[in-house]
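Visitor: One-letter residues, chain by chain:
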Amino acid sequence: MSFSDILYKILIQGGSYWTILKGLRATVEISCYSLLIGTLLGAFVCALRMSKIKILRFVASIYIVILRGSPVLMLLMLMYYGVFARSSLEALTIATITFSLNVAAHIAELLRASISATDHGQVEAARTLGFSAWQAFYLITLPQVVKISKPVYQSTIVNLIQWTSVVGYVSITDLTRVINNIASRTMQPMITISIGMLIYLALAYIVHGIFAFTDFLETRKEAVQ
Amino acid sequence: MKKILCLILCVMLVSSCADALEKRVIKLGLLSKLNSSEEEFLDTWKKTYAPKNENLEIIVKFYDTLNAMQMALNAGEIHEMILPDVVAEYIMNMNKEFVSRLVLRSKGMGLAFGFREDSKELRDKINEALVALQNDWTLGALEGVYISSFIDEPEPVEFMKFENADTIRVAITGDLPPIDYITADGRPAGFNTAVLAEIGAYLKKNIELVNIDAGARTAALASGRADVVFWYEVDMSSEIQSDVPDGVILSAPYFEWNKFIHLRKAEKDHSASSWWSMRDFLKLYY
Numbered sequence: 001m002s003f004s005d006i007l008y009k010i011l012i013q014g015g016s017y018w019t020i021l022k023g024l025r026a027t028v029e030i031s032c033y034s035l036l037i038g039t040l041l042g043a044f045v046c047a048l049r050m051s052k053i054k055i056l057r058f059v060a061s062i063y064i065v066i067l068r069g070s071p072v073l074m075l076l077m078l079m080y081y082g083v084f085a086r087s088s089l090e091a092l093t094i095a096t097i098t099f100s101l102n103v104a105a106h107i108a109e110l111l112r113a114s115i116s117a118t119d120h121g122q123v124e125a126a127r128t129l130g131f132s133a134w135q136a137f138y139l140i141t142l143p144q145v146v147k148i149s150k151p152v153y154q155s156t157i158v159n160l161i162q163w164t165s166v167v168g169y170v171s172i173t174d175l176t177r178v179i180n181n182i183a184s185r186t187m188q189p190m191i192t193i194s195i196g197m198l199i200y201l202a203l204a205y206i207v208h209g210i211f212a213f214t215d216f217l218e219t220r221k222e223a224v225q
Numbered sequence: 001m002k003k004i005l006c007l008i009l010c011v012m013l014v015s016s017c018a019d020a021l022e023k024r025v026i027k028l029g030l031l032s033k034l035n036s037s038e039e040e041f042l043d044t045w046k047k048t049y050a051p052k053n054e055n056l057e058i059i060v061k062f063y064d065t066l067n068a069m070q071m072a073l074n075a076g077e078i079h080e081m082i083l084p085d086v087v088a089e090y091i092m093n094m095n096k097e098f099v100s101r102l103v104l105r106s107k108g109m110g111l112a113f114g115f116r117e118d119s120k121e122l123r124d125k126i127n128e129a130l131v132a133l134q135n136d137w138t139l140g141a142l143e144g145v146y147i148s149s150f151i152d153e154p155e156p157v158e159f160m161k162f163e164n165a166d167t168i169r170v171a172i173t174g175d176l177p178p179i180d181y182i183t184a185d186g187r188p189a190g191f192n193t194a195v196l197a198e199i200g201a202y203l204k205k206n207i208e209l210v211n212i213d214a215g216a217r218t219a220a221l222a223s224g225r226a227d228v229v230f231w232y233e234v235d236m237s238s239e240i241q242s243d244v245p246d247g248v249i250l251s252a253p254y255f256e257w258n259k260f261i262h263l264r265k266a267e268k269d270h271s272a273s274s275w276w277s278m279r280d281f282l283k284l285y286y
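Heads up: the sequence lines are chains C and V, in that order. The opening residue of the first sequence carries number 1 in my numbering; numbering runs sequentially from there. The opening residue of the second sequence carries number 1 in my numbering; numbering runs sequentially from there.
Hints were generated in silico from the structure; no laboratory data involved. Take these hints with a grain of salt, some might be off.
Stated by the list, open to error - Restraint-style ranges between C-beta atoms, simulated for each label pair:
id	chain 1	residue 1	chain 2	residue 2	range
1	V	Asp136	C	Asn159	51 to 59 Å
2	C	Ser61	V	Gly108	52 to 60 Å
3	C	Phe211	V	Lys204	28 to 36 Å
4	V	Arg24	C	Leu7	26 to 34 Å
5	C	Ile55	V	Lys120	35 to 43 Å
6	V	Lys161	C	Thr93	23 to 31 Å
7	V	Glu163	C	Ser70	39 to 47 Å
8	C	Ile55	V	Asn127	30 to 38 Å
Glycine included, each C-beta is placed from N, C-alpha and C at the ideal position.
So here's chain C without its partners, still in its complex pose (with noise of 0.2 Å):
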């Protein structure tokens, strides 16, 4: 079998490309809705973490230290076999929640470790000339947390989109498992498995693209001010 006959049979035969593409769309889902909730919720325990209340900032500390230290696959499978067991929850939410949770912890750590780097010299300045608390942190604070955080949270997002490859575990037919399954079919892992890679590799370069534009956009604004 000459090797354009062996990248038929993996994508094209049998609509095997419409399988790859809904796995694909699995993939996104599950990175995109825990990437939205996860940075929410991150930077609500990156608040509790920097509260002035004692067992709040604990509080955080232990989610975060149980939440980074913990396999996101272990942490998965006591989340659908475990926790939600008895629930109707589809594994999709699960997976949702699962990821969103971990990549909270990541997140609050990188909020808090961007915010301390900022200078509080010019909030206390901001506040002098009148500015409001939350004017001082949505104009001053922000965009330099936005600034410093970016490199590590691309990185985060390319990391979150690799950690969702082991959704197979709870029964969700995302991108890996469709890979696996199809180079179990076909009895070509290598190729397979290379292809599987290079859509994933894709993927982290599309994330590296958003940021790449967005630093073009804000290069642009910042030379026409």
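Assemble the complex: chain C is given as a structure, and chain V must be docked to it using the hints.
Guide: Just chain V now, with coordinates in the frame of chain C:
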């Protein structure tokens, strides 16, 4: 001069003897067993197939999926993979890089459905259905279609729907072609699903298939996410341990085979693979 020559000859003789006595390591790949470690499995296996050749050391490695095992073989991590004959034949047909060595067993192995311990009623019903399917030759006919003629990749079966009937959730791995695989359009197929469709029709129950990783089979069963899991490997002769973890009960076997095939990479120069010659191989098993 004579002394030096004599010494050199002695050294050569000793070193060649040492080479001959040196143990050769053979690494064999198997699909993961759910109830034993690699070492435990090897111990039991050795009791059955005690190596007759003292210079051979066998190492067994478990892999969760066929893909992982095949890639390990490609990478040289294992020398051969041991598979049921039907699966090995499917692989050889799909990928010409592999060649086989046949191993005959006196008694066969089988595949069975797995249930939770508290699902004895469901297990008995499915056993009853299996007996009926065997008696009316349905199982034999399905074997003919899905196993003997797997090259044609038969279309996946359609499951009958029964209104107001219970649904049995069945976890499948899609990782044991042609018995259990997923078609190009993402539908579970193979002998297993065909048997299941017949069981559903016999019991007048709806069947829902859930595709999971092989490693999550027991978790799916224990958590109640699945009522039935296939497949579990059963040794019909009880010579080696059946692949059944604690808390899992099995149905009667619905498919049996009595041949295992050692699959290895086809090499142009067969002399290069003399580390594991046919003579060694025969000494291991016979």
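Visitor: The structure should be examined with respect to each hint, and the outcome stated for every one.
Guide: Taking the hints in turn, this is what the structure says about them:
1. V:Asp136 to C:Asn159: 51 to 59 Å: holds (55 Å)
2. C:Ser61 to V:Gly108: 52 to 60 Å: holds (58 Å)
3. C:Phe211 to V:Lys204: 28 to 36 Å: 56 Å Cβ-Cβ, so the 28 to 36 Å window is violated.
4. V:Arg24 to C:Leu7: 26 to 34 Å: violated (39 Å)
5. C:Ile55 to V:Lys120: 35 to 43 Å: 50 Å Cβ-Cβ, so the 35 to 43 Å window is violated.
6. V:Lys161 to C:Thr93: 23 to 31 Å: holds (25 Å)
7. V:Glu163 to C:Ser70: 39 to 47 Å: Since the Cβ atoms of Glu163 of chain V and Ser70 of chain C sit about 44 Å apart, the hinted range of 39 to 47 Å holds.
8. C:Ile55 to V:Asn127: 30 to 38 Å: violated (57 Å)
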